[in-house]
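K.L.:
Sequence:
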Amino acid sequence: MPFFAYKHCHTAGWGVVFSLLFSCNEPPSPVGAEFLPDTAELKTLSSADTLLIAAAFTERVQQPIFNIGTLFVGRFQDMEARTLLRFTDIPDSLPYVTAADILQATVVLTPERYALGDTSAGATHLSFRIAKVLRLWSPKSTWDSLFAAGDAGTIDPSELGRWEGNIPLRDTAEPVRVELNEAGRQLVAEWLRFQADSTLRQQIYGIALLPTLATTAIRAFATQAVGRLERPAPQLQVVYRRRDNVIDTLRLAAGYAGSFISPPQADTTRLLVLQPGVQYAPRLHIRLDALPATAAIHRAELRLWTDTTAYWTSNYGRLRTLTLTPTDSGVPSWIGATATYDATSSSFISKSLAPILEYWLRRGRQGTLSISLPATDLYSRLDRITLERSGPRAPLLLILYSARRQP
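Numbering follows our numbering, in which position 310 of the sequence shown is assigned residue number 310; successive positions increment by one, without gaps.
Hints were generated in silico from the structure; no laboratory data involved. We treat Cβ as the ideally placed atom computed from N, Cα and C, and that holds for glycine. A couple of the hints might just be wrong.
Claimed, not checked - What follows is a set of in silico ranges between Cβ atoms, one per label pair, in the way DEER data are often shown:
hint, residue 1, residue 2, range
1, I247, Q62, 41 to 49 Å
2, H298, S145, 40 to 48 Å
3, T172, P139, 28 to 36 Å
4, A183, Y96, 15 to 23 Å
Generate the whole structure from the sequences, applying the supplied hints.
P.N.:
Okay, structure coming up:
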């Protein structure tokens with residue numbers, strides 16, 4: 001007849017139950033005999049009274065938004081979003097086409113529903129101009145590398161085209177079409193000439209979409225991404241006259257498409273600021289010196305209180321999930337955790353940090369935790385989340401552990 005033995009241990013509000021099953025007719029095996037007298041004691045540590053979180057700070061990480069499926073154009077408060085496009089499939093068979101041969105050149109953009117800013121009327125007002133890019137930019141370019149010293153040397157001041165209007169907040173909206181002026185048609189003719197010359201084609205740097213001061217929101221536009229080639233890329237549609245006097249249309253897709261976001265002001269001395277695009281990213285430096293060398297971590301909980309008065313929330317609503325990952329180089333990809341929003345306490349809570357802490361406990365007893373967003377939100381939003389950095393609502397870490405028996 002089976003026999004059940006239970007041992008109960010309660011500590012700091014956490015209940016832990018150990019159970020053991022064996023037969024009363026058979027003696028325990030050697031392994032079972034070793035477990036029977038185990039009297040492991042569970043203990044807790046809290047960052048409220050123990051140095052577990054040595055530092056909490058906001059770091060600005062330079063992470064380009066390039067060919068990720070989403071582009072941003074517009075303004076919100078003191079933040080500006082620009083987009084650069086480079087058309088890489090220009091044919092080398094049309095060097096004879098001049099600006100006079102180009103009847104029309106139109107940039108076509110596909111709006112996404114995402115908007116940050118004034119959306120009270122069910123639409124957003126967007127105004128932007130198109131200009132020539134003067135120097136090479138790459139997937140690794142950032143706002144600081146291109147525009148920190150101003151536009152000189154990067155953007156030609158001449159206007160090639162302008163668009164202004166309201167874009168409705170719909171899943172499917174009409175494309176935004178911007179017709180280039182005479183200067184824009186001359187630039188397209190220059191590209192056709194350069195493409196036919198291997199010594200000049202590297203000087204095709206593309207165009208920039210620059211929001212004007214009349215813009216009251218930032219809108220998202222679609223572009224292609226790795227593995228998502230079905231998404232509509234920005235296009236340049238060129239109607240031109242061939243040598244045989246036949247009217248033809250050339251459709252160029254943007255092979256290089258990147259957005260660049262100016263770093264807005266943020267109170268990082270009082271708050272932990274999380275904002276993709278400009279890449280404000282909170283960091284927590286964790287120290288585990290208070291744990292014994294033989295500790296086994298059974299559970300770890302992290303609580304991050306929010307200050308919603310400083311949030312920037314888009315029409316998609318508030319973000320509800322955070323990702324927590326070690327910043328250590330070489331860390332296995334499976335080591336990570338998530339934190340979900342708890343409306344009752346206005347905080348993000350993670351109860352799955354134990355693997356990360358165990359990893360650090362065996363490798364130096366310290367590490368830095370990066371607070372970010374899932375990839376689906378990290379590259380498609382510019383929302384801002386603000387977390388309390390210090391005081392009674394500072395990040396709180398609780399650890400439930402036991403000391404392993406020595407042989």
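K.L.:
Are the hints correct? Go through all of them and say.
P.N.:
The hints, checked one at a time:
The hinted range of 41 to 49 Å is satisfied by I247 and Q62, whose Cβ atoms lie roughly 46 Å apart. Between H298 and S145 the beta carbons are some 46 Å apart, a value that agrees with the proposed interval 40 to 48 Å. With their beta carbons about 29 Å apart, T172 and P139 fall inside the hinted range of 28 to 36 Å. Distance hint for A183 and Y96: a CB-CB separation of about 20 Å, consistent with the stated range 15 to 23 Å.
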